[in-house]
Amino acid sequence: MPAAESRWRRWLDSDIAWSFRRSPVAILAAVVALICVVGALFAGWIAPHDPFDLASLELMDALLPPAWTAEGRATYLLGTDDQGRDVLSGILYGARISLLVGVGSVVVAMVLGVSLGLLAGYAGGSIEAFIMRVADVQLSFPAILIALLVDGVVRVAMPDSAHGGQALWVLIASIGLSGWVQYARTVRGSTLVEKRKEYVQAARVIGRHPVAIMFHHLLPNVLGPVLVIATIHLATAIITEATLSFLGVGMPVTTPSLGTLIRVGNDFLFSGEWWITVFPGLALVALALSVNLLGDWLRDALNPRLR
Amino acid sequence: MIRAVSLRHLGAWAIACAVGLAAFQAEARTFRFANQGDALSVDPHMHNEAVLLSLTGNVYEALTGRGRKFEITPELATDWKQTAPTVWRFNLRKNVKFHDGSPFTADDVIFSFERAKGEGSDVRVYVAAIREIRKVDANAIDIVTTEPFTILPQTVSRWYIMSKKWCEKNGAMRPVDVRKGTENYASTRASGTGPFKLESRQPGVKTVFVPNPEWWGKAEHNITEAIFTPIANDATRVAALISGEMDMVDPVPLQDVPRIRSNPDLQVKQSPEMRTIFLGMDQKRDELLFSNVKGKNPFKDKRVRQAVYQAIDIEAIRTRIMRGVSTPAGIMVAPSVEGFVPELNKRLPFDAEGARRLLSEAGYPSGFEVGMNCPNDRYVNDGEICQAVASMLAKVGIKVNLVAEPKTQFFPKVLSRNVSFYLAGWTPASQDAHNALFALMSTPGEGAQGQFNGGAYSNPKVDDLTRRIGAENDPAKRTNMIAEAFRIHQDDIGHIPLHQQPITWGLRKSVEMVQIPDNFQYLRWVTVK
Amino acid sequence: MADVPLLEFADVGRDFDVSQPWLERVLSRLPKQRLVAVDDASFRVARGRTLALVGESGCGKSTVGRLAVGLYKPSRGTVRFDGQPMPSGSGRETMAVRRRMQMIFQDPYASLNPRWKVDDIVAEPLRVQNAAMSETDRAERVAALLRQVGLAPADARKFPHEFSGGQRQRISIARALSSEPEFLVCDEPTSALDVSVQAQVLNLMRDLQDRLGLTYLFISHNLAVVEYVAHDLGVMYLGRLVEVGPATTILKDPAHPYTRMLLAAVPDLAMTGTSRTPVAGEIPSPIDRPSGCAFHPRCPHATERCRVETPVAKPIGDGRVVACHLVGS
Amino acid sequence: MSALLEVRHLRVAFETRRGPLVAVDDISLQIGEGEILGMVGESGAGKSVTGTAILGLLEPPARITAGEILLEGSRIDNLAPEAMRRLRGKRIGAIFQDPLTALDPLFTIGQQLVETILTHDAVGARAARDRALKLLGEVGIPAPEKRLDQYPHQLSGGMRQRVVIALALCAEPRLVIADEPTTALDVSTQAQIIELLKRLARTRGTAVLLITHDMGVIAETADRVAVLYAGRIAEIGPVREIVHAPLHPYTTGLMGAIPKLGALRSRLAQIDGAMPRLDAIPPGCAFHPRCTQRLAQCDREIPRAVAVDGREVACWLHGESSRG
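Protein chains in written order, with numbering that gives the first Met the number 0: chain B, 0 to 306; chain S, 0 to 528; chain R, 0 to 328; chain H, 0 to 323.
Some hints here could point you the wrong way.
Claimed, not checked - Facing chain R, according to a computed beta carbon distance under 7 Å, are these residues of chain H, among others:
id, residue
1, Glu41
2, Asp185
3, Ser187
4, Ala190
5, Glu219
6, Ala256
7, Ala273
No lab work stands behind these hints, which were simulated from the structure alone. Idealized CB from N, CA, C, for every residue including glycine.
All chains should be built: construct the whole structure from the sequences, respecting the hints.
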């Protein structure tokens, strides 16, 4: 595959790759994020236990401290929770759900925000005014509040959605809906700049449909900043999910995300079983911080003025 | 110039503050207490649930009450006697006024009877045995029971008397279910005869009580105000106690008991609760609402119920989840309940292998799936117990789809019997086994019979015995009949009793408060040093 | 047939709404503001010829160009293409006309989508207007087009940023030619280019006209550039055509005072060292156009009549049409 | 004529991760009092970088890697930033292409002028205002009293550029660097600004470095001209001679490519190809791939500037050998 190889070489030679190699923070963040992502994706193979398999839980093994302490057991490296669930496995599986919700809600927010931003920027007039006023109004509320609101509405509308698989989609939808504004505003701004450029006019002269112009011409040119926002938003979305789960409106205990694990563990913080909450907490910090640092680096790397 | 004025202002203000503060300290004694949940309403007939009855029990009173030792005491009735097998004469306390100023009379008792047994009432169980109430005069009534009913004074102790005039005036003739979005005057306001008045209430936020200076009794407390706050999160509740924000919290999570004990300013008050935690199974429907088994109901098969029973490692629950302070139960009532049968209080052994065998005998060699409903803010570690049960059942092949939710969502489902498998707890309000047999284990029927029998367990023998126990005056016969009923139920595995949980309060050392086995928190016995 | 001009503007006007956003306008009680970008524009472009429009910023020449390709619809008057009024909308008729016209833009850095490869850019009109064409035919056509504008067929696989400004403008031209148009609007096609490259592009455009019989509407602010390409010339000032006619005639003997001023302002290499008197004043904003003849505040010959009465464009005999009170009377 | 500004063998490079890119290489020039030196070249030839280097406004990654710059005999390229800042206000003025960015939109024209005058001279506020008025009159702004209280956005482009020139002249600098001062303006306004620059040089004796891509502007304005190609001076000398009889093949091509009035629909002479990018400057004479009179040594050795008939030209055609 010489073509692929040369593309890889070109990538290695690009400014982004160069700036990455020059940034120890970015490398460290990437390594940590990679560990988190690999651990989450391959939880089924890596994790010593399956925390979702209720049959494998041993209640008699509950509340064991980490392996290196006197009462710890080697089979439970980071100890067990009150149900005898392996904390390490819980973290790996929990990170998978956190990542899934994070990525899912970023995709929802991105698709929604980019489409609305493109539409607002390209169509202008009352469509733009309407979309952007809605965005302004939403922006005056904290994202977590919007997410709580959406979540609450869905729960009232579908009372059983709080459980099982549906909770995941509800979470993705509510966090996604709370985050589209940033994308829409950025994309609208870039679209306003891009649509005045002559290549857009050229496409109009050719007679291309406005939707085609929006998606074929404008979209690729406004995606740069979107990528940066998406990365930073991923960290925010993971945190938001954790917050919602911590508040008890996120993932249920039977399929815990990192936030749920922290909430469950929180009850044991006073009583000395610190490992139940501290390790998921550290995992969350590592995941969110590394993704956020990567986003910061990407923003700087893509912004020539800061270079 | 401006500076001088403002300084003088400041000085005056500071003095005023200091004086005010001193006066405040001398007079005001506010008692702050917290529970993990709030009452749904302050209408005492709206919901038969301990937090509501406990809270409103400070404002409303019943004909009979409970003393510090949980004994039956005169309250709005000064004395009573059985005048015929089915007739009881209650002499009412004179010169008692409701908080709105209206006098308490026999009419109010009759009104409260109609209200408690009427539409919307959740407390029918307490008046179910009563056929009618006859007014003798303004201060005496005859209560006629349908059948001879020996434990009437115990049974009516949680049936609170409301003012007829007040209810009529404020359009609160019937209790309404706030869960259905309806509310009336009595949902957030109260006018009882009790030692405390309801000063204000913000549902879910706080409820404020102040002493009733015109109470008929002699105050045994020394507080000037009591503020109740629901704090759902265990850690937050404990933190509120430790930080001094709360004077008393209930419950203290078991894992936090050592920590509170080690605090020199705090104490833990713990005693076995009368409540029995149990599992219920739908044994009526031909097909379970939440299961992958179609066309039949596995729980109708005793072998399945027994398999569930024997799959549960109660020792593990006791030592790990209950931190060693629960009392495993073999029957549906606690040892402190009148009629408890010690020789029956033995559990089937934990035997996962046997459970699997029973399941395959019953035709489920690879198990089945069932939905389980569970409260997560009602009992001690309720959600955790359910999770543990789910994982234990998973080991024998029963896949449990657990729905753990706040009690406000949980209870309506159980009461309407729209559950397949559930966890609940029961305290016989009359302190008598009959209440458990009648409300929990009898076939759901007219009025309050089997009202809390969420799985509709039904055995005509139990029903018949229960009726006869209610009418039996001979203590020995009665005890035998109770034992017989429990034996039948135990043999049927109508429910799976789990354990009695401890009542665990966290208090400041400066607070004295009486703990009774039904975990009512009476402000009338609170003293703050 | 030959008598029908390929493009004809008949009393065409175009206004723009330049009001503040609705909310601000309502809050500060501002009236709606209209900008008359083009007014009373009448001219014809014959087949195979080049009409150059010249004028300073804000004179409306770019608006005329966009009206000519249908990017804007006229507020008044009619634009006819090949004798037919310009269709609007996105129907088949419009597409049929669109295929016959193309546009080349000023900024070679903005007129090519930076994320597209050259072959996609050049083939875009083909894909839109001739969807039935096979990929191989299309690739061949792109290669031929690139050769035609002096680029290598291998350049098709590159991105625009790999080219210099002049090369990009060639790509623009290739794209414009891909649908085999008869008519090209060239909006300042060389003003962003360096002189040496400008010469290349101008020569290329001339060659293409000779070879393909193209008709150009050439828009520029530079009279010297225009001289190299134009058969006919239109001079615009503040939205109006002040003088239209054969380029030779106008450049040799400008009739309108503004044309004269423009000619005088072109820096002349031959005049090195000698000083001359520049025209006074600057172009007013199109939003507040002077009354009467818009040029009167700067015109050395302005009379009272110029201040009051808008001059009507009238033929002055030698094929020219001039809008000035002082000319032809 | 003593040189007011002297640039000796200036070299400016951009430090990149692939090594330095030389944007200006071995440029030497002098400007005398009252003289206008035009600097012409295509985009990327290094004109603006030279101007910025003289102003001491180069920002990383660009920096001077060789050569020196002398103003009135003393070196200014090695001054501390603070000293250079004072010098820029006082002795070197600057005019840029976009007048709007050179003016602060939040202050009136008068405030900006008066403040600039007060920073450089210990005069009273009233005197400063009088001087501002005089300056505005001098740069040809009608009704200067009225303009003094206006904000930049209220002025037209030409007026703004005049204000920028007035600002540059506040401290009566000895040298003015004008970087494309007319590019953003309409032709009629451009002619006015050209006249203004010429008058300034004549009456005040200010030396002007006029950077532009427009040979026409140079021809009209400058006394001498330096033609830049790929960072080097191809040819430098009196405007009239270079315009009429260019020696360097690049200059010749450039002059031929400029459209001139009176040459109706004739074909333009053109130089094929384009100027190389900084990262791909050919060896030897950078122009050789485009040159029609290429010699054998052109792609090997960089030609040194030689004096020919009062000008200097860097081309092997005019080396030692061809000098008669």
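Violating hint indices (sorted, rising) | Those not satisfied: there are none.
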